[in-house]
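Visitor: What follows is each chain in one-letter form.
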Amino acid sequence: MKTHRPQRPSRRLGILVGAVSAALALTACSGGGSEASGDGTLTIGAATNLQTLDPQMAAVAQEYYVNPVFDTLIHAQPDGTFEPGLAEEWEIVDPVTFELTVRPDVVFSDGEPMDTDAVVANFERGMGMEASPSAAFYSNIAGVEAVDDSTVRLTLSEPTTDMLSQLSRLPGMMMSPASFEANPETTPIGAGGWTYDAAASNAGEVQVYRANPDYWDTDRVGVDTVEIRALEDASAATNAVLDGQVDVIEMRSEADRSTLDNGSLQLIERANANVYYVQIMDTDGTLIEPMGDERVRRALNLAIDRESVMKGLQFGQGDPSPSFWLEETPYYDEDLEDLAYDPEEARDLLAEAGYADGFSVTFPSFGAITEVAESVQQMWGEIGVEVTIDQVEPGTLADVMRNGTTAMAVTLARGFTAESHYDERHAPGSPYDPLGTDRGDVAELADIALNAETEEGQAEGWRDVYSYLIEQGYLMVVAHQIPVVVAAEHVSGAELSPSDNLPKPYDITLD
Amino acid sequence: MLRVALSRLAALIPLVFVASFTTFLLLQLTAVDPAVVRLGETATDEAYAAFRHELGLDRPVLVQFGSWLLGAVQGDLGVSWSSSTPVTELLMSRFPVTLAISVGALVVGLLIGIPAGIAAGIRAGRSTDSLLTGAASVGQAIPSFWLALLLVAYVAMQTPWFPATGYVPFGTDPGEWLRSIALPSLALGAAAAGAFARQTRAGFVRVLHEPYIRTAVAGGLARRRILWRTALRNAAVPVVTTIAGQAAVLVGGAVVIEQVFALPGLGQLVLNAIRNGDMPVVLGFVVLMALLMAVIQFLLDLAYALVDPRVRAS
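Protein chains in written order, with the working numbering: chain Y, 1 to 511; chain L, 1001 to 1314.
Simulated from the structure, these hints should not be mistaken for laboratory data.
Glycine included, each C-beta is placed from N, C-alpha and C at the ideal position.
Ranges between beta-carbon positions, derived for each pair:
1) Y:PRO394 with L:VAL1155: 28 to 34 Å
2) Y:THR388 with L:PRO1086: 40 to 46 Å
3) L:HIS1053 with Y:SER157: 19 to 25 Å
4) L:LEU1131 with Y:ASP511: 49 to 55 Å
5) Y:PHE82 with L:VAL1155: 47 to 53 Å
The following block holds chain Y by itself, in its conformation from the complex (with noise of 0.2 Å):
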């Protein structure tokens, strides 16, 4: 019998292995990926997909993934101040005339110098791109020259306090003049600590950076390897960091703290807090006609417990001041603690305002705001204040505030500066006053500190604007959230300055 057995099938048993093997080494022809970190590389987990490479066209949350290829002109310090980048000195010389000292015989990765020449091309590239994240602050720059061989003159349209902060961001990367008519968006070349590895790099996967071994300050690159992985999955992140395959992430929520806070990792917080506030863009009562009345926008803010807000969603952690700023900036108004929760006061005052029996808001929202909504909801509604929430789409929630069709809705301010949160979303005339309402005193206020000769003047300018925001009821905060990031017990030197959502490479190692 055994002579008659059929020899096919097992050809092609042989044929299906092989077609299978053949189908399964067909994957092999993916270009790039992760390696498993070694020695001297710092494997950082990133919340987004990298978008672009090129700085000036590069949206603010997308800052980490070319900060290792470019050095700012002016860095920042956790503490908030700053100190000499690839300028090593800078001079407000009026309040729209800013000048800048390049420091010497800093080169480019491509070998190209980094002069007053090249720092003169970047800001005119900046000014002639409409459609960059960072137009707002090209915009006003009216003019950019070389006073000598050493000094950049910068002259403003209108006076800025924020200049120093933007020039330690974005606007403040000097890419090399010789790669704009190349493709900066994927071969950046600048003057950081390391340069970008194409090759190694992977679209949607990781990124790789080598050490530049001509930067400025090589004391500052204490990782020859530079890697950011895509992990845009909260639970993929958290996965990653306790199984050792990234360093350092952002943690994302504060439920995961709990699972983070091992003892085995370092849990790292950020000075500055994000806040989670309500922002008023009806503050006339154009489209709700209460809102139009002072003591019924008091009355809103004294409706919310901050307290129990920051038990139970952030498990305790953060701060439950109705302040924007916290006690330890210079912006902070301990008057604003008068306007701690109090529901009686906060009923009388709608009485009084003739709304005894409450009015009906909506709040359009989406993802993790919703659920900070909905304590405001709750609150609210102990007043007599009706809330809907409405959901909007992913990555909609701005359009809908500025579409002139919402009155209010909880949102959340990070990374962010006096001027700038006010500029964006408070200033008369700005994106989010798409109605045109009446905001009282406040352009005046702003006025002060902008034009303010001293950073005590320009300080105590600030405070009064977010003062006035606050007591006339435009800005309502819900939650302080404090940034935390991540790292390996091997790590050292991570840190996070005002606007980081992840530590720069610049002086971390690995032990």
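Place chain L on chain Y using the hints.
Guide: Below, chain L alone, put in the same frame as chain Y:
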């Protein structure tokens, strides 16, 4: 077979057109503004408008689709609005990852499902059959993402054998590549194994009651030969159909599994593209999937011909 291939190709053209146009229209319904996604919430209205103009979003809707279609028929699927990378390049860099875990899941499904189905079919009505059929039902019922989470929590995180996240290309390190796709393939393949087992069992039970099997037994053919040559081949036709169906399901299921294991595959790519309103990438994905389904269908035709002489003859 050439005629079959040509007919499949001819059917592909209207399929791709209808699928891409429907997807395009559906994307028009979303309120996501790619300019806001790309430039962030801090950009100015002027910057948004300039970016929309750069993308051509200020043109009439049908002109936008026509422009994409014109490029697509020439092999140019456009450039991602989110990352400015050519769509073809993005799809080709992600496809191997999805293919790896989909084929891996198919292998897991076949290696577990076919033997289990044969064993249950041969012992139909006995306790082995009940046990295997029950296990197959459980395999099909467990959501793949839940199994994936369990595998991460109890296998990847508790042992050094498999990574919890990430993908290593075959070319970089074949061993690491296998480790990186093992758990995703298992999570994705469990349901396929259940489907194959049930289909194989049903086919075997049906075939074993056919008159030609009785004739073969009466003719004195060895049981092993009857089972492996006659019964298996006849029971295989519906299994082949199931394999083709499962292949499509696996590619879809890979979307979720890629999220759990942070694998840079097509699933993650298209999910982000939809979230970001990145139309060229979504449309490119649809075209690729239509092509893939046509290839699977063609391979199914080939497989039918391989296992069923009547198909070959026709």
